[in-house]
Amino acid sequence: MVKVEDIKKEAKRILKEGKVKYIIGYKKSTNGLMSVPAFIESPEDVENLIWDPTCVYNLTRFLVDEKRRKAREKNPDERPVGIVVKGCDSRAIIVLLQEKFINRENIYVLGISCETTGVLDEKKLLKKLNGKKAEKVEYDEKDNFIITTLDGKSKVPADEILAERCLECRANFPVINDILFGEKVDRKLDNRFKSLEKIESLSKEKRWGFWKEQLDKCIRCYACRSVCPMCYCDECVVDTINFAVTADTTAEEKAQRIKWVEKSPTTSENFVYHFVRAIHLAGRCIDCGECERVCPMDIPLRFLNKKMEKEAKELFDYDAGFDPDQPSLVSCFKDEDPEDFIR
Amino acid sequence: MTDEFEPRIVAFLCKWCSSAGSDLAGVSRMEYPSNVLPITVMCSGSVSPLYIFSAFNKGADGVLVSGCHPGDCHYLKGNYYARRRIALVKKLLEFIGLEPQRFQMSWVSAAEGKKYTQVIKDFVKEIKPLGPQTKLRRNQ
Amino acid sequence: MDYNVYIPKLAKIIEIKEEVGGSRPIKSFRTHFINKNDFSHRCGQSAMISVLGKGESMISISSSPLVKDYLQFSILKMGRVTTALHEMQVGNVIGIRGPYGNGFPIEEWKGKNLVFIGGGIGLAPIWSVLNTALGKREDYGDLILIYGARTSKDLVFNDELKELKKKITVFLSVDVEEEGWKEFVGFVPQNVTDKKPSPKNSITVTCGPPIMIKFVIKALKDLGFEDEQIYTTVENKMKCGIGKCGRCNIGKHYVCKDGPVYSWAQLKNLPQEY
Amino acid sequence: MKKRTGVFVCHCGINIAGTVDVKKVTEELSKHPGVVHSEDYIYMCSDPGQNLIIDAIKEKNLDKVVVACCSPTLHETTFRNTIKSAGLNTFQCEIANIREQCSWVHKDMEKATEKAIKISKSTVERVLRNESLDPISIPVTRRALVIGGGIAGIQSALDLANSDFEVVLVERSPSIGGHMIQLSETFPTLDCSQCILTPKMVEVSKHPNIKLMTFSEVQEISGYIGNFKVKILKKPTYVDPDKCTLCDECTKVCPVVVPNEFDLGLTGRRAIYIPFPQAIPATYILDINSCPGLLPIACGKCADVCEPNAIDFDMKPEIIEEEVGAIIVASGYDQYDKELMAEYGYGKYPDVLDGLQFERLLSASGPTMGKILRPSDHKEPKEVVFIQCVGSRDPELHCEYCSKICCMYTAKHAMLYKHHVHDGQAYVFYIDIRSGGKGYEEFVQRAVEEDGVLYLRGKVSKVFEDKEKLKVWGIDTLIGKDIEIDADMVVLAMATRPSNGAEELARKLKIALDKDGFLAEAHPKLRPVESVTSGMFLAGAAQAPKDIPEAVAQASGAAAKAISILCQERLYHAPTVANVNINLCTGCGMCVDVCPYDALSLKNGKAEVNEVLCEGCGTCSATCLRAAIQVKNITPLQVHEMINACLGG
Amino acid sequence: MEKILTKKSFSKWVKKLESYKIYAPVKNDDLWNYEIIDIPESIQPDYPNTVLSPKKIIFPQREIFLEFKASNEEGLEVKEILPEERPAIIFGVRPCDARALTLTDNVFKGDFEDPYYWKRRNQTILIGLTCNIPPSFDCFCLSVGGSPHSKDGLDILMTDLEDKYYIESLTKKGNQLINLAKDCFEEPKVMDKKDLEKIQANSEIQIKRQIKDIKKIPKKLKGMFDTPFWDKESLSCIQCGICTYLCPTCHCFDINDEVASSAPLKGKRVRTWDNCQFPDFTMHSSGHNPRPDKASRLRQRILHKFQYFVELYENFQCVGCGRCISKCPVGIDIIEVLDKVRDYGL
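Residue numbers (our numbering), protein chains in the order written: chain A, 1 to 343; chain B, 1 to 140; chain C, 1 to 274; chain D, 1 to 649; chain E, 1 to 346.
Keep in mind the hints are simulated off the structure, nothing from the lab. Be careful, since some hints might not be right.
[What the hints assert, rightly or not] Far from chain E, some chain A residues (derived; all Cβ distances over 12 Å):
1. Asp6
2. Arg13
3. Ile24
4. Leu33
5. Pro43
6. Asp65
7. Arg104
8. Glu105
9. Lys127
10. Asn144
11. Val156
12. Asn177
13. Val238
14. Lys263
15. Pro338
[Unchecked claim] Calculated cross-link-like contacts (lysine-lysine; reagent style DSS-like; alpha-carbon spacing at most 27 Å):
16. C/Lys12 x D/Lys3
17. A/Lys123 x E/Lys198
18. E/Lys198 x A/Lys133
19. D/Lys23 x E/Lys266
20. C/Lys153 x D/Lys3
21. A/Lys132 x A/Lys153
22. C/Lys153 x A/Lys254
23. C/Lys112 x C/Lys196
24. E/Lys151 x A/Lys127
25. E/Lys7 x E/Lys266
26. A/Lys259 x D/Lys632
27. E/Lys151 x E/Lys12
28. E/Lys3 x A/Lys132
29. E/Lys3 x E/Lys208
30. A/Lys100 x A/Lys123
31. E/Lys69 x A/Lys67
32. D/Lys84 x D/Lys58
33. D/Lys3 x D/Lys58
Cβ atoms here follow ideal geometry from the backbone N, Cα and C, with glycine treated the same way.
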């Protein structure tokens, strides 16, 4: 079992020694159960670090911010940034390395093994507790979570409230790390595409009905995009104007920005937006599930990415986020790639 | 007869094989339905998924991407990348419930005027019973 | 609610003049409303110009309210809408709604000397107030224009400037030395320092790029101008033009509605979000 | 910036006008935004038609032109030149194909007209956003590289050198000459191979324009047409050719004997040796793999006896860099591998020979001085079985293709055998005889009729040794009988394969291989000597099995193609290439991965296009997640607007 | 007018209102949202808060302003498109959300009245429901001038008294609705009134979260514009639009032309929600952005709500619904931010 004290010890050490400029980790929130991202700059603040099943965030998203901030600074601090990652998050780092977006030497990875469990699904927990407020959720030695409510502590098998992605996880262990907490243990897992079957087994029209209902809910807050560590483009297909503008950018270039998607949250436009996201994440999504978690409208976005992940695996035997040296899914091919769909 | 549904199909044809193949169909005076609007691109590998989404968004009843046979690509391997990309797009579109017939890919070489004709005939025939594509189409 | 604030009135372009060419071109458009309406503006106000299908853009009105035959807009090609405008021909139809903004308080300036300081396309809002002052010449004291651009080719209203020189004091400048240029070489703030306009009983009106405004104000302060004597205009991205869409605010001020004209006395107390 | 497009709709007689209402197309297009002029004409490609366009450009001040007519493959160049003569950039003209893709394939006038309008409108949308471009100009390094010193390479090098271009000729073995120098006589004229080849070899060695580099291999090639940079590895021979006097004292003292490659192992040679007497360059060479050691202590006898001190044990491999404008690849062929033909006892029985070994036996300078003797016992073979198509035309087990030259050389072998052994009997097992070529069929008939060669149509199933004889089991499919021959010698017409290392070479050159491993030509019919990479040409059996006259012809063809580049001061490349918006590029390198031409690279964390290498396929553009790269004049914006125009209304 | 409506009579009443378009909170999966209701029985006024407030009905995310098309005479034709004329009722509005509309009213009135907003606003009747227990853990309406039984902006306030509702009609429009089905209602008894007061008092106690000394905040914020406070607070912000889109008081919008056909020109001008957290919100086409980073954008959100709006309309632009806290993907807690503002040492 991962001991948070170990993490703190290492965090304190690297901050004291000046090895990193700050550490991105988790701390307790002020408004309830869930943790929040923490940006720890001094050894004294290390005490705020926590590790429990509410540490759901994929913090690698903040490496994108870090890169942007650094690019703006005149004399940037060149020391690496410490970052706490779970298995899934670590694969995001691999993809960012693969795409040369970050350099290995700019990060110091504090890897945490999820061992045999993972992180919780807040909505599942709420249901489990019938709307009662949980004060605290902790790991225990076995595959249980210990939940503290006003009524006291209780044990719940982790599987019952684990995030869906954790149930289908195949990287409970950080594939990249500078220091590791917890152990590399095998875990019994569901079929990694099990949740997809629910939708795949529907008839075509039912599938359409499902997705239309879901995507019609989209309010285009772009939280899915904003939270995704892979959505680091300077300009997105849905943006209304050119962001990447310099003094040389001509009026024509700005005028010619293609409106692939209108801002209106209508069925057709929402679909284009989510199609583009799914296709652009094909072979890149590492299933941290953040897009789905943050969606205020509860759109099961993970299915779209999961579907692409499944096809990448089944058609092309491709898995994202394990090898920083392999080419991206769509920037390579095999002679024997399937073509039975082609006339 | 005039009330019959006439699908609008956008076909992205690679310049060297499929577009040339369609030219051959013309030279050979093969007849096929006029529902397909050809857009000649340099290579099937240059067909971005956005083109496909956009065509459906703008009301295409069907979209065809056609390139050179594997190994025959004028640009050596563009069609292999296309094959991969298009496979993913196709799976995605089918996953959300678009009729699979509406999005197709074909290999048509410069010598296959007949095949091009057949591909178009089949495509139109398969789409007609489905009626207009309204799922992804922008409401005007 | 007798009218819909969002519906533009259609107007025909009756004249187009290319003021500046090159990679940052400026054109002046004169327009006529198709249907009669009661559009009347004050100096320094702006209007929302629609190119239907492309969108809207807030453009300052460069013609004087005294001119009743047409509305003039001098437009720098910058983005989607202005590019579309630059491609338009005489006879094309655009939409106009407005006028918007506070405009210059020229009534309060009666009897004073007016010093206009402009850079580049910044002459457009000045042009309206300058011509109004010229139209009511007896109401004002000395009129001075200090105007500059990157090169002589980037000066707008070039022909009119020649005429203007016969009437008032005009100091021109270009940023870099060029052949045949006999006037000041250097940035507009430097020209201001060089020409030393007197603060006595004067009002200054400065329009141009933010960086120029910043240094002009510094130069004016050095010359002894009080904050209340210094007027300038602020630009921010706008959509509605009527203080609702929420993006052009600096503090509680919506630039589209409460601006764009501010005295330095007002502006210096507002957050720097422009 | 104004946009004034003219649309010109061609009737093409009734070819278009018969099915498409040309007047309606013209009228509809005149209403399209950006179009200020549209007209139709019976034959737009005719002189009056073209003049019509020129006049309209001038009168209406047009800056863009769409011609709605036949396929762009036919008249795009015509009309682009037309507008050029009217002062417009050639890229301001686009063709709307309303004939091949419309009028010729539809019958319903109304529908065809509607489609023609949409095609034309979408073409207008495209041309409205075309950039004016000028061809990319590339300087030319006016020298050539020829890879391979066989007859094809020699011919190419000589043709180039004689046209006054410098040539670097690289051969990986110690001497030029290739397989042709190993042959005895050549079909169908039976002239002596060495006699006709050696003068050319000498010419190569003496030619002031040819830089000959034997025992050398191409290691790396970079650059592009007109400007290749080549790194050549010059392997050490340990003998200074300038000092060596060919006195042969060294071989006399050399203690090592190894099989002689030139005689395909039928004889032996020393560790220090001359490949064959007429070798070019004429010098000895020390085979370091069989030499006991470089240190004089280990052996060093050769150096002791070498009076001119030509032997230099300290010789090191050298990398030589050359710059050339064109490359001819003539890497030749090899015979099919022995191990793969075990059923015929090849490699197992000394008297089962391959074609080249038999050539050596026939050669007057060969191991037997031109006498036909069995390697096993030096007896004259009286019954010789020649088997054709060994490894060829066998898609299941071996090579699918026909090796082309075997029918003829087997006929030659059988004939020459009879000339040497008058009382012997030659049998030829064949599938069928392919003797297309000048004098070839007559040659085969001569073998049958004059020399009594017995042709048996059928395949040999097995060859095995039986009491000093080689038992050949086969079938004669003409009479449907099993055949058994007690032969003294069996000669296998082995399949012709791309030379060993051709694959690696192709990889270095970034040229494609065909399915059989031969170098792929750009077009099987119309560009047979060009490789898919511009500036690289193919000659000889590297491209496909060939006999000598074909190899020579192709070599001259390749040389002519190379000259067509080298004779120019500058080359011009289509400017419709990829273009990076570095503001958007994040430097992920996906475009670099997909570019088939290695035209993209990362520089300072951003993609960069080598415009000379880029062919404008646009695969990068579809791959880029950031829309940071696009091909000029077929940009996503243009395609977007074309989709709109196709689906609008 | 005060009445009692038994739960049994509730649907009878609603049936009488069929000439109106009726919206009510509907649960889909685990999500509550306002939807148009056809079957009155399906109205369940007992619900946690909806994800989107009734803002989405009065100020829809997409509003068509006008249609334009090329015409032969003038070259162009522009047609105003106003919302459909149809009175509507929204059931089950939380008091905070109703109060939010009264705040937004400030923005859309004045010199330039917004015809689209007012058309919808004026033809919509809001029937509120007292929050007997807070619909969210993050409610803090009391701190910002609201309450779980606030009547601001409502036409009718219903309070659940177990088997019946206590009905307080607050406007003429409310009275009309009651008068449409007089027989459904009873007069309240003294006990009912007492129950009501008890429940309302209790409802306030249930609100656990609060911002102390909130009155000090506008002035404090004025001095904090140029402090590094915002950089630090915004570190974890991912710049999505959840807080603003879900906020019942946020009203920023964008106007865009949606082109159906470019030749001949045909399309619509539409208003869509926009929000100050997106970088393109304020970016000039020159590339200059007055709010260039997320710190300045978070600052804008806080300052707008707790300083500028107060300066303009003497009210916080916040009703304490807690949506921005509950739904923030990274747990940014506006109460915590304001607490820190209050305690920030200048």
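Determine which of the earlier numbered hints do not hold for this structure and return their numbers in increasing order.
3, 4, 6, 9, 13, 14, 17, 24, 25, 28, 29, 30, 31
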